[in-house]
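Given the coordinates of chain A, work out where chain B should sit on it, guided by the hints.
Protein chains in written order, with this note's numbering: chain A, 155 to 454; chain B, 155 to 454.
Heads up, a few of these hints could be off.
Since the list can't tell identical chains apart, any single copy or any two copies may satisfy a pair.
[Stated by the list, open to error] Taking lysine-lysine and the BS3-like style, the derived pairs with C-alpha atoms no more than 30 angstroms apart in a straight line are:
1) 303 <-> 267
2) 179 <-> 303
3) 179 <-> 267
4) 267 <-> 325
5) 325 <-> 303
6) 179 <-> 325
Simulated from the structure, these hints should not be mistaken for laboratory data.
This is what each chain is made of:
Protein chains: 2
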Amino acid sequence: MRAQAHGYHLDVEAALDHLISSGGKRVRPAVALLMGGMLGGDPRRLVHLAAAIEMLHTATLVHDDLIDGSLLRRGMPTLNSQWSPAATVLTGDFIFSQAAKLAAETDSLPAMKLFAETLTTIVNGEITQLFSSRGLASRDDYCRRIHAKTASLFELAGHAAALLSPVGEEKIWAASRYGEQIGMAFQIVDDILDFTGEQATVGKPVASDLRQGLITLPAIVYIELQPGDPDIEAVLSRNLDEQVIERLIDAIRQSGAIQLAMDEARQSVERAMEALSSMPTGVERQALEDLARYIVQREL
Amino acid sequence: MRAQAHGYHLDVEAALDHLISSGGKRVRPAVALLMGGMLGGDPRRLVHLAAAIEMLHTATLVHDDLIDGSLLRRGMPTLNSQWSPAATVLTGDFIFSQAAKLAAETDSLPAMKLFAETLTTIVNGEITQLFSSRGLASRDDYCRRIHAKTASLFELAGHAAALLSPVGEEKIWAASRYGEQIGMAFQIVDDILDFTGEQATVGKPVASDLRQGLITLPAIVYIELQPGDPDIEAVLSRNLDEQVIERLIDAIRQSGAIQLAMDEARQSVERAMEALSSMPTGVERQALEDLARYIVQREL
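Next up, chain A with everything else stripped away, as it sits in the complex (with noise of 0.2 angstroms):
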């Protein structure tokens, strides 16, 4: 990733390096490297596999950032916060570049097609999201909307890590629907640590998305739990009163939404160790099921 930005202009050299810098936790190439090195994958053009996903992903979060207008990812401040809108747009453009240039260099057609639609995958998702009259309220709307937005990449780690090793039809299904579930599993738990973690853990506000009238997952389980509550009306009809939306998300938190919330993540754990099951066992399956474990006990 480090060796994409040589020999471009120096400030973008640097953005690229203050991003990759300021880390994440890499769960994406962790994904493609797993399941691509236990399929029998080859290790370098799973390498560019892996970094093409992970600049994509930095690629999407540059736009999304500046979009949102948002000052800090991961406790450090975003490029938005101190570039002008035009230079972060045309760096985000450039990771685009960049990571298109890793997805060809592993010489592989498939995965390259897969990527792209990724990627129209979730700029669609954004696109809707940004369209959409925030405060729907629906399970399928939720789920096709974290599908977009973090599932299919994470399908596409384990789908294209497949597609570079010699296996057939079956396995590959089975590592995209590892991604994939672990993928929705992975946002579940996003939004219900934006409900129960405190603002250092998170590097963000409490609620943030419930702050901005976008409604997840324990907030559409409290709806179910508890129809009419007029703060939870008043929050989908856009009345965003401070009051309402603290005493709301003290409901949400002592109502048992977060606990329900956090069984569905599980289920989908359970449905990326069934893809698993029959797979190579090794070093890498078991690191494939410690990543899933992980992901629902980030709760803690």
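The following block gives chain B in isolation, referenced to the frame of chain A:
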């Protein structure tokens, strides 16, 4: 191109439709289709390539217009003039992703790699221009800038079309060279039209580049003809006084700089014609020659 937007968010479909309807000259896809047709490439793959190139071009225009705050393009309102910056950034990203999908449909890894590299070149060029202090006025800088901005995509059209065709290294080189050189000529003529055109013709204010402190070939040639001219010194030192600018535009128009800049464009067209000289004769070659000639006749 139109088919690409089907099945996504309705506002995106409408936006893409608007962008495609506003037309443009479609010179880049014409180069790809004619070059590949002349060299015996597969028509289906060439159509994907041509559409990918035009979509990539469109995506860069969407982000450029946002960054420049341009309100009109081809006489039609730009996306950013009607939509929020957020929606405009994401729609540009969406079109990039569609371009990448189309590029993958060429089923050629070398073409895909070239495609990704060209995107990097274009974006790096934009970033360099954004971060550079304006007022640079060397021919070398200018050539690098217009190569990245315009010629690289024309070069891709010629080069990738040849890669999709059953021809050897020499013809691939000549096809790239043709694209690159008509691309250089195209941008030089565009920069000339910015000085000679009337607002109604070019759809934007006359000498808009100079007014923004951006020095293009006519101004560079003028500096060579009139070194030390106080008006150009003023513009180079970012003193963008309206009266000074108007006087300078008139001076450049009357100095012969326009004709000398046109000579440069004509030389590029000559080099493009030379590159065609070893190519198979027929209607496609005739059309590519006509296209090259047309580029330097747009001034009239």
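Here's how the hints hold up against the structure:
1. Taking CA atoms no more than 30 angstroms apart as the test, residue 303 paired with residue 267 passes in both settings, with 18 angstroms inside one copy and 26 angstroms between copies.
2. For a Cα distance limit of 30 angstroms, the shortest separation of residue 179 from residue 303 inside one copy, 17 angstroms, qualifies, whereas the shortest one across copies, 36 angstroms, does not.
3. With identical chains, the CA atoms of residue 179 and residue 267 are at most 30 angstroms apart both within one copy (26 angstroms) and between copies (29 angstroms).
4. For the homomeric pair residue 267 and residue 325, the shortest alpha-carbon distances inside one copy (19 angstroms) and between copies (28 angstroms) are both at most 30 angstroms.
5. In this assembly of identical chains, the alpha carbons of residue 325 and residue 303 lie at most 30 angstroms apart only when taken from the same copy (24 angstroms versus 44 angstroms across copies).
6. For a Cα distance limit of 30 angstroms, the shortest separation of residue 179 from residue 325 inside one copy, 26 angstroms, qualifies, whereas the shortest one across copies, 47 angstroms, does not.
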